[in-house]
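4 protein chains.
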Amino acid sequence: MKPGASDEQIQAVVDKVEAAGSKAHISRGEVLTLIGAIGDQEHDQRIADSAVPSMPGVDKLMPILKPYKLASSQIKAGERSVFDIGGRKVGGDHFAMIAGPCTVESRDQLLVSADAMKAAGATMFRGGAYKPRTSPYSFQGLGQEGLRLLQEAKDRTGLPIVTELMDVRDVEAVCEVADVIQVGARNMQNYTLLSEIGRSGTPAIIKRGLSATLEELVMAAEYILKEGNEKVLLCERGIRTYEPAYRFTLDLMAVPVLKEMTHLPIIVDPSHAAGRRDLVPSLSLAAAAVGADGIIVEVHPDPDEAICDGPQQLRLEDFPAYIEQVERAAAVAGKQLSTAAV
Amino acid sequence: MKPGASDEQIQAVVDKVEAAGSKAHISRGEVLTLIGAIGDQEHDQRIADSAVPSMPGVDKLMPILKPYKLASSQIKAGERSVFDIGGRKVGGDHFAMIAGPCTVESRDQLLVSADAMKAAGATMFRGGAYKPRTSPYSFQGLGQEGLRLLQEAKDRTGLPIVTELMDVRDVEAVCEVADVIQVGARNMQNYTLLSEIGRSGTPAIIKRGLSATLEELVMAAEYILKEGNEKVLLCERGIRTYEPAYRFTLDLMAVPVLKEMTHLPIIVDPSHAAGRRDLVPSLSLAAAAVGADGIIVEVHPDPDEAICDGPQQLRLEDFPAYIEQVERAAAVAGKQLSTAAV
Amino acid sequence: MKPGASDEQIQAVVDKVEAAGSKAHISRGEVLTLIGAIGDQEHDQRIADSAVPSMPGVDKLMPILKPYKLASSQIKAGERSVFDIGGRKVGGDHFAMIAGPCTVESRDQLLVSADAMKAAGATMFRGGAYKPRTSPYSFQGLGQEGLRLLQEAKDRTGLPIVTELMDVRDVEAVCEVADVIQVGARNMQNYTLLSEIGRSGTPAIIKRGLSATLEELVMAAEYILKEGNEKVLLCERGIRTYEPAYRFTLDLMAVPVLKEMTHLPIIVDPSHAAGRRDLVPSLSLAAAAVGADGIIVEVHPDPDEAICDGPQQLRLEDFPAYIEQVERAAAVAGKQLSTAAV
Amino acid sequence: MKPGASDEQIQAVVDKVEAAGSKAHISRGEVLTLIGAIGDQEHDQRIADSAVPSMPGVDKLMPILKPYKLASSQIKAGERSVFDIGGRKVGGDHFAMIAGPCTVESRDQLLVSADAMKAAGATMFRGGAYKPRTSPYSFQGLGQEGLRLLQEAKDRTGLPIVTELMDVRDVEAVCEVADVIQVGARNMQNYTLLSEIGRSGTPAIIKRGLSATLEELVMAAEYILKEGNEKVLLCERGIRTYEPAYRFTLDLMAVPVLKEMTHLPIIVDPSHAAGRRDLVPSLSLAAAAVGADGIIVEVHPDPDEAICDGPQQLRLEDFPAYIEQVERAAAVAGKQLSTAAV
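Protein chains in written order, with the UniProt record's numbering: chain S, 1 to 342; chain R, 1 to 342; chain B, 1 to 342; chain L, 1 to 342.
Hints are computed from structural coordinates only; laboratory data are not their basis. Please note: incorrect hints may appear among the correct ones.
You can't tell identical chains apart in this list, so a pair holds if it fits in one copy or across any two.
[As the list claims (entries may be wrong)] Derived lysine-lysine pairs resembling BS3-like cross-links, with alpha carbons at most 30 Å apart: (1) Lys2 / Lys226; (2) Lys259 / Lys335; (3) Lys76 / Lys335; (4) Lys2 / Lys66; (5) Lys2 / Lys259; (6) Lys226 / Lys89; (7) Lys76 / Lys2; (8) Lys335 / Lys89; (9) Lys89 / Lys66; (10) Lys2 / Lys23; (11) Lys66 / Lys226; (12) Lys259 / Lys60; (13) Lys2 / Lys60; (14) Lys60 / Lys23; (15) Lys69 / Lys23; (16) Lys23 / Lys226; (17) Lys118 / Lys154; (18) Lys76 / Lys226; (19) Lys76 / Lys66.
The following block holds chain S by itself, in its conformation from the complex (with noise of 0.2 Å):
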């Protein structure tokens, strides 16, 4: 309460407090009184969403509970979490390395990328069947198709899947073939979208919003984890920011950081942000170093014949060099790179 709260003022609050299920206790202090609200993250939310914050007398609210419950590194008491995702390990000392093309184009295209991959030592293989697109005139991804090739890529490789989803009509299709969904950046709060991730058992990445708060990725994870699924990654990309220099302002203390407030892994995709692939590279062995559990890099054996975002995909003959220098940087800050378990 502000200093000079009346009496009526604080019973007021209190009574609030209490209808939302809470549990109130006053503290009285010299200059100002303290009104605990003891409940969970639902009675907590449910006292944010009220009208308690603008009651006459109230300065504040100070939440004592982190907003999310099930994502929150209390509940591990500060062990992380450690995925099996189709035999690789994720997370801990594990260093996922996720790669592949932007875009399903072709068989050719993506088979030959798969292989490389697997011969290279990815730890999982990435490529769009469906595709969010700023424009309506741009190229949507060849869907059904798309998938179909993944899981061919998939049989013959081994390699995980990773795939993006944008339809909840696409669930289950996705699903089939996915090991791990993918939601964008633009999709970050279709909280449609994620509570039928979450009912579907499939592990998923997140990408951070263009403007996302660590706190809303945070919050978009539990709308997965509510639904039972426990296995979501958190991935950074790049932000906005006023820097006209570069695509997205790729931040990198997001990652010492969630690690701090989430059990979850956090990996980095450093190709959105930069949008060039001559800095992938160099971003690369920074988010490795910072201690991220794992990179999503685009790699296309043609980038100058790729149907989207060619110029910020790796060549797929620099490959092999680019992963070797990013373990050694990932050894550096004391991981290990993820594969099959033999």
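Given the structure of chain S, go ahead and fit chains R, B and L onto it with the hints provided.
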């Protein structure tokens, strides 16, 4: 092309441009060479998505055409769109006052609000049956029951209804009641949702994403227009900035600049930007004075008991004085309050 | 303190608080303990600067006092400051129209402008003799010669002069001519400059830094007030955001929120935010309607020949119609144009 | 020029371009006409500052030359600058570890720190005698006495001294002690200060302003270089974004992008970005891995008793392990710690 680009580099770009279906036109200057790509938005988009921007010798792409076509002010030769929505004019010299509670909470709350809005001369009535919430522990809206109550409010007052759609699977149900579908800021780039709204033919308000550029907002409208649905309003509702003193930063410059870009009506939501009732009147005056085509504002019969966003909702009893002052500011910008045709 | 803080941790904080000169008051709740630190802004600042925020067991500092004292609206019990500057009232119900060219370029340009401002009813006359420029290759202002011409304009029209100060070594020379010293956005946190202006006693306008928070802007004023100089105006001039469509994003929410924080008058600079003449009128109407205490705007007799910022300066011939429309918008917000007392 | 620009409009622009001293070259395409302006940065700046950008028929200015000349990587044909500062190499393959307390507080605190930095192998020693503080109620530095103590630390350890300059009137006194003058983020565009440092000839570190673009940062260096002072280091120290989870957002993409723009060495300040000791090690590893030419970090013998920024300063006893791990990360990027030549 960069200064010093070779003939081979120039020819390679020309080939790419023609492969995209555009006609290439070379213009050689003393210092640099310019390659014109003559085509429409779809050709341009194909070139922008291709390797051209990163080909050797290429300096930068300078789009002559805007990436949007149907939303562009050029298509109307500078004339502004004026729509009829449920008997109310929107756009041009008409100022739309869209008001009502954040969320449909109960029959009483809704009908009392609707009657008051009607009496005070509001143009349309707003209320949410489906609510996108940052927390999965927050109230998520009354859903179908909310839609039913909105229908009752409409039958009773004759006011056109504005309500939010979040899930493509609800399009049909929402369109039965809504005169205008609202697309929330977090769904601004939910492209499958936009396309379905386009196909539905129901007029729509698109709220600007939390960090969407004006061009991205207009591109979102283009997704709807492309399906043949012409009645789209754009809504500025505050953007994310570094400033911690308010929830969002209301960007009123967006109003005149969007008017230059597009023929579509532009409205302003002062409630969500401020998050505080006491800032709403002055921001509303500013929005009207800057030339907005309308305001969408939250009003509640008992904000202290509101289930969500209570602190930002105007009190019903303050609304008549509010609307009158906003009318005066709109008049300075040459606009009149839009009401039902007699 | 965090839940579970030990008695030793609590005592350590109490000791630190008392070492800073504040009186500590402990209030133990069921879940957490609150330590009040009773002192003034200097004590609070000492605690904030100390190790207290990172001591074991400490959750966070919750300042009860604002970090500014003399600028705070509390010091005036909610009354707004009204100053007399060269016979013109500033603040309260008075609306100041401060107009003139960006830069002093020549005797002719300046005197023609000053005469026109006087005729149209402007409150004060502005013009820069010293110009902060991003590029060392840009024109840096006429300097001393510019000050001499400003004096001539003042002698001729009686309009108070507003001009920028950039270098502490020029304080004396500028104060001889200036009725109001302008502190540019890039110098908002040039603390030695602020302190010298404080000591000079000349009224000042402080422009908000490109990414300054409102609190930092008020703290900049506090540097001047602390030296005994009470006449400080704050100026919103556009902030940096991610939006590429305009030079800066004019933040009109700053006006009502600053009025809540401080008793000082708040003005708006629409010219620098827009960087384009055609946006200036609508932004000026919005600034007046939102409740600003004035506008500082650039007007030039021949903007096409201006040495700097030509594109954003209004044309002299458009100014009379402009000022009249702004007066109408200010009237909606309850203010009247400030002119010389008769 | 815009499509459809008239011959008169084209001629008017040509006239303006030539009035600015550039040679105009017209190139007419099928759709649009390009006017080349051939001159140097000063000519270009004159055109950019003129009415050209807003003349009828003009679409936009497309600078071919960068606005900076001496700082540009072109001037060195891609070779990177390597400086000798007090016997230490900076730039190229050399990694500079600049460490020391935020502020000079006492003889003991300073000399203990200096000895420890020397012993651990730091490249230079930092400490502030003049401190820019947001609040006028904060400690403002020991001033002259602080400089004297820095001289003592230098005499004792042989480490080059880095210290901040805030006021043009202190240039001479600071230059007597400093091997490198630090320009704080808030003074990055204090042009009179930059010019004086240029004239002093003392090497300088310029910290990036809180919301400065990379181009503005390089332009700040240009102010110093223009006066004939060639030894300028640029420092990324975190920018302002919407994210509330940390004090500033460290922008490590700035490192590779600045290296592309300029030949000057680029260093990183992890302490001010984080504002928290525990984030400093991981951010330092990332900075080294991304290719920075050095780090400037705060270390204190007793951070809990520090007068300012205690929470972000590393503990002296943790420094040897820290520097060793940073060396390993720098090695991944191909750099070696710079120490005194033997």
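Now for the hints, and whether the structure bears them out:
1. Lys2 / Lys226: between (36 Å within a copy, 27 Å between copies)
2. Lys259 / Lys335: both (15 Å within a copy, 29 Å between copies)
3. Lys76 / Lys335: within (21 Å within a copy, 39 Å between copies)
4. Lys2 / Lys66: both (23 Å within a copy, 13 Å between copies)
5. Lys2 / Lys259: between (35 Å within a copy, 20 Å between copies)
6. Lys226 / Lys89: Intra 23 Å, inter 45 Å, cutoff 30 Å: intra-copy only.
7. Lys76 / Lys2: between (36 Å within a copy, 19 Å between copies)
8. Lys335 / Lys89: within (12 Å within a copy, 32 Å between copies)
9. Lys89 / Lys66: within (28 Å within a copy, 47 Å between copies)
10. Lys2 / Lys23: both (21 Å within a copy, 19 Å between copies)
11. Lys66 / Lys226: Result: close within a single copy only, 15 Å intra versus 40 Å inter.
12. Lys259 / Lys60: both (27 Å within a copy, 20 Å between copies)
13. Lys2 / Lys60: both (8 Å within a copy, 17 Å between copies)
14. Lys60 / Lys23: both (18 Å within a copy, 23 Å between copies)
15. Lys69 / Lys23: within (19 Å within a copy, 37 Å between copies)
16. Lys23 / Lys226: Only inside one copy: Lys23 and Lys226 sit 24 Å apart there, 46 Å across copies, limit 30 Å.
17. Lys118 / Lys154: within (10 Å within a copy, 56 Å between copies)
18. Lys76 / Lys226: For Lys76 and Lys226, only the intra-copy Cα distance (16 Å) is at most 30 Å; the inter-copy one is 49 Å.
19. Lys76 / Lys66: within (14 Å within a copy, 38 Å between copies)
The structure agrees with every numbered hint stated previously.
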